[in-house]
Amino acid sequence: MKKSTGDNFFPKGTTFAEGLTLLKRAGFDGIELWLGDRPWFQMHTSDADLRARAKQIQDAGLVVSDIANTLDWEENIASRDPARREAASRHIERQIEAAQIFATDAILIVAGVVSEETPYNEVYKRTVGTLQRLAEVAAKARVKIGVENCNSEQRFLLSPREFSTFLDEVNSPWVGIHLDVGNIHDTGFAEQWIEIHGPRITRIHVKDVLKHRGRCGDQSVYTNIFLGDNNWPAIHQAMRKVNYDGWLIAEMESRYRYAADQQVFDTAAALNRFIAGSF
Amino acid sequence: MPTRREFLTGLAVTPLAAYLPVLEPDLTVRAEIWPEDHCLSAESALGFRQLLASVAGDGSVSSRASASLIIVPGVRQLSFASGATLLERMHLGAWVIFESGLGFSTEAKYRRQAEVCERIFDLKLLPPIKVTKHLARTAYIEYFRPIGCLVRTFEAVTPVCCDRSEVVAKFASYTVCTRKTIGCGGLIYLGSMLGPGLFAEEREAVKVGSALVAAGRNVAAIVQRGSFLIRPGLLSRDSR
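Residue numbers (my numbering), protein chains in the order written: chain A, -1 to 277; chain B, 3 to 242.
Do not take every clue at face value.
Unchecked claim - No farther apart than 25 Å at their CA atoms in a straight line, the calculated lysine to aspartate or glutamate pairs in the DMTMM-like style are these: (1) B:Lys172 to A:Asp243; (2) B:Lys209 to A:Glu160; (3) B:Lys209 to A:Glu167; (4) A:Lys123 to A:Glu91; (5) B:Lys111 to B:Glu203; (6) B:Lys132 to A:Asp227; (7) B:Lys209 to A:Asp166; (8) B:Lys209 to B:Glu90.
Calculated from the structure, these hints are not laboratory results.
Chain A with its partners taken away, still in its complex shape:
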């Protein structure tokens, strides 16, 4: 397995070049690029600029693990507003184009956000329909769309069986699950999600989670690997069971008040320990 983390994990004020150097020094193999998060990768960023970034990444001795986005929360494919829905499709298509430029074969999206105003059944139908169309774009580009399980935040696809049925309905080998083992909270067990989805997992996001809200700083349930309630040996074994040998992408919230870069080093060390299965 290979280690990656997002460019949104770069300590505040870090330039793209400095961030790459930091990841390499910490021992990461790759980087996850977030469309819409940092100034160097926005919807208006040209192909030429992206190619220049690709060169920088290559020169730093890294590769791109996948292309994620932060835009889905505002512009979602399941939105009632046609303009937002179209914008969502556009930024997902841009992710697919970027994946080709950066020579990676996977993107991450948050498909469907249920709210008081936008009910579950509507979101479900719209999400399946739009993904069936986007799957054709992905197939042509040979890039897999990984639908992230943002369970609690999305209030959507809350169980692994339902997620599996959802993927059955989308019915494309180009649409799978970008599984986040920290997002399942107290509604299930990450290792069982891994077992159920097996070959449909496009990438795995790694972070730990506190299953009792409110114990963590800033009221977040997310924390560093091995500090939370995830059963890491079980997760490791489940990955072995389904023969997952792909990218492990740390998705951490910046938590260090001082020496922020230390969290990058600590995360890489924790991932090494996880990959070695040394618990």
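Fit chain B to the given chain A structure using the hints.
Below, chain B alone, put in the same frame as chain A:
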């Protein structure tokens, strides 16, 4: 896919299990299921029935007289008489998938069943182990034959003593599945229940189950066609 001649020539010098994964299931050999009268066995039987239906399309469950693959799910109360019938069928060329359900039994029931298994099949069962005690280390059975695979345990396992060459799967350091030739047929012992995993459509359980059924059917098919004798650990041409 080797020709039948190549396959049989190879078998004369190679352990049977080495060939099992490459074979396509022979659907001319029909399977039968012998469930016991308790819910554990019933659930497991459903799993095996589901598997057979997916492999053969119709469940492929035959009358007792003609089948050469016999599945006995969740066994807890096999009598000497039933054991003897199974043994006779194995001598005639049937392969039996014998799944222990002893993990949920009392010690007294375990002892009775262990005695039947030892006297009839020469199979030495060890006392069941509750898997939960080991969960920190592993939740999976590791199969080595007919395919390599990790499959979830089912609460408890019933280990077995056997020769290293007969090991099919392990749980931690315990052998929990084994296979042995008996007469012209043989026995595949599952000390960890596979049927409930089949019923739950656990991907790896289905892979292993399919491979076991395919293997059992193929060997039984060769015997059914006649003129081949199975000896312990090897298949070889019959000189009759």
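Against the structure, the hints:
no. : hint                 : in the structure
1   : B:Lys172 to A:Asp243 : holds (23 Å)
2   : B:Lys209 to A:Glu160 : holds (23 Å)
3   : B:Lys209 to A:Glu167 : holds (23 Å)
4   : A:Lys123 to A:Glu91  : holds (20 Å)
5   : B:Lys111 to B:Glu203 : violated (30 Å)
6   : B:Lys132 to A:Asp227 : holds (24 Å)
7   : B:Lys209 to A:Asp166 : holds (20 Å)
8   : B:Lys209 to B:Glu90  : violated (29 Å)
Of the numbered hints listed earlier, those contradicted by the structure are 5 and 8.
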